[in-house]
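So the number in this note's numbering is just where the residue sits in the first sequence, counting from 1, plus 1128.
Source of the hints: derived by calculation from the structure; they are not laboratory data. Note that the structure is a prediction, hence the values are computed from the model and not measured. Even for Gly, the Cβ is constructed at its ideal location relative to N, Cα and C. Treat the hints with care, since some could be wrong.
Said to hold, decoys possible - In silico BS3-like links for lysine-lysine, alpha-carbon gap of 27 Å or less:
id : residue 1 : residue 2
1  : Lys1301   : Lys1190
2  : Lys1228   : Lys1350
3  : Lys1154   : Lys1314
4  : Lys1160   : Lys1202
Claimed, not checked - Derived CB-CB ranges, DEER-like:
id : residue 1 : residue 2 : range
5  : Asp1192   : Gly1291   : 40 to 46 Å
6  : Lys1228   : Gly1162   : 19 to 25 Å
7  : Glu1345   : Thr1204   : 20 to 26 Å
8  : Gly1351   : Arg1152   : 31 to 37 Å
9  : Gly1162   : Leu1268   : 28 to 34 Å
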Amino acid sequence: MQVQHFHSWDVTPKEAIQIQQQLRAKVIPHGKVGTPNLIAGADVAFVEDIAHACVVVLSFPKLDVLETVVHKAKVTFPYIPGLLSFRETPALVQAFGKLKHDPDLIFIDGQGLAHPRAAGIACHIGVILDRPTIGCAKSLLFGTYKEPKQARGSVSDLCDDGGGVIGAVVRTKDGVQPVFVSIGHKIDLAQAIELSLACGKGYRIAEPTRQADILAERAKSKGGHGVEQGSQGELF
DNA sequence: GCGACAG
DNA sequence: ATCTTGTCGC
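Go ahead and model the full structure; you've got the sequences and the hints to work with.
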């Protein structure tokens, strides 16, 4: 699929925060996705400073894997809570660029609007690829919530300090830790929650992300050692 | 100052 | 994220 960069990835943490504040205005926090035909999932595995960025495309609603791509790249930006996007997105967009299919929706392993600056990695990737995106994280970064009921399908609001709803805490499987769902780009929260549950295969993690996770784990151990090359994009 | 903190 | 053994429950 075609990829358009909006800024350089060679930035300092301070500059990264500035970029997120601008990104915030580019995010479209609503919209409906008709029944999707193709759904992508993305994940990154690391071997020291080498990222193995993986993207998988599944059919919907069958959830069969139709395509997988891997892009290896050296990473320099460190992991800093709130700035995860600057560590994982560069390699991921290169991987998305190798995709033959054009997904109707993308699941990202991380937060979307449920972020201190309302600009999590799901928003960032959604804006760059101009595709509906859902942030589906395994743990909390920002916000408060009340524990959802134990039954699969139970949902509770994730709120910011002012009480505004920034996402949802979703129980995707009976009695197991919930996942944190938030808007990434061009989709409303209600449908993000709906699709997160519709993409479940009996596991806590939605199938698109779970398959990307499996691919990343394999790429990390069975993958070669060379590092691929790719443009880092242009400046603003 | 202290505690929290996606992957 | 990654490291790393056993253990609880369906």
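Going through the hints against the structure:
1. Lys1301 with Lys1190: 19 Å, holds
2. Lys1228 with Lys1350: Holds, at roughly 23 Å.
3. Lys1154 with Lys1314: This hinted pair holds, its Cα atoms lying about 10 Å apart.
4. Lys1160 with Lys1202: The hint is violated at about 36 Å.
5. Asp1192 with Gly1291: 40 to 46 Å: 41 Å, holds
6. Lys1228 with Gly1162: 19 to 25 Å: Since the Cβ atoms of Lys1228 and Gly1162 sit about 22 Å apart, the hinted range of 19 to 25 Å holds.
7. Glu1345 with Thr1204: 20 to 26 Å: 23 Å, holds
8. Gly1351 with Arg1152: 31 to 37 Å: 35 Å, holds
9. Gly1162 with Leu1268: 28 to 34 Å: Between Gly1162 and Leu1268, where Cβ atoms are some 31 Å apart, the hint holds.
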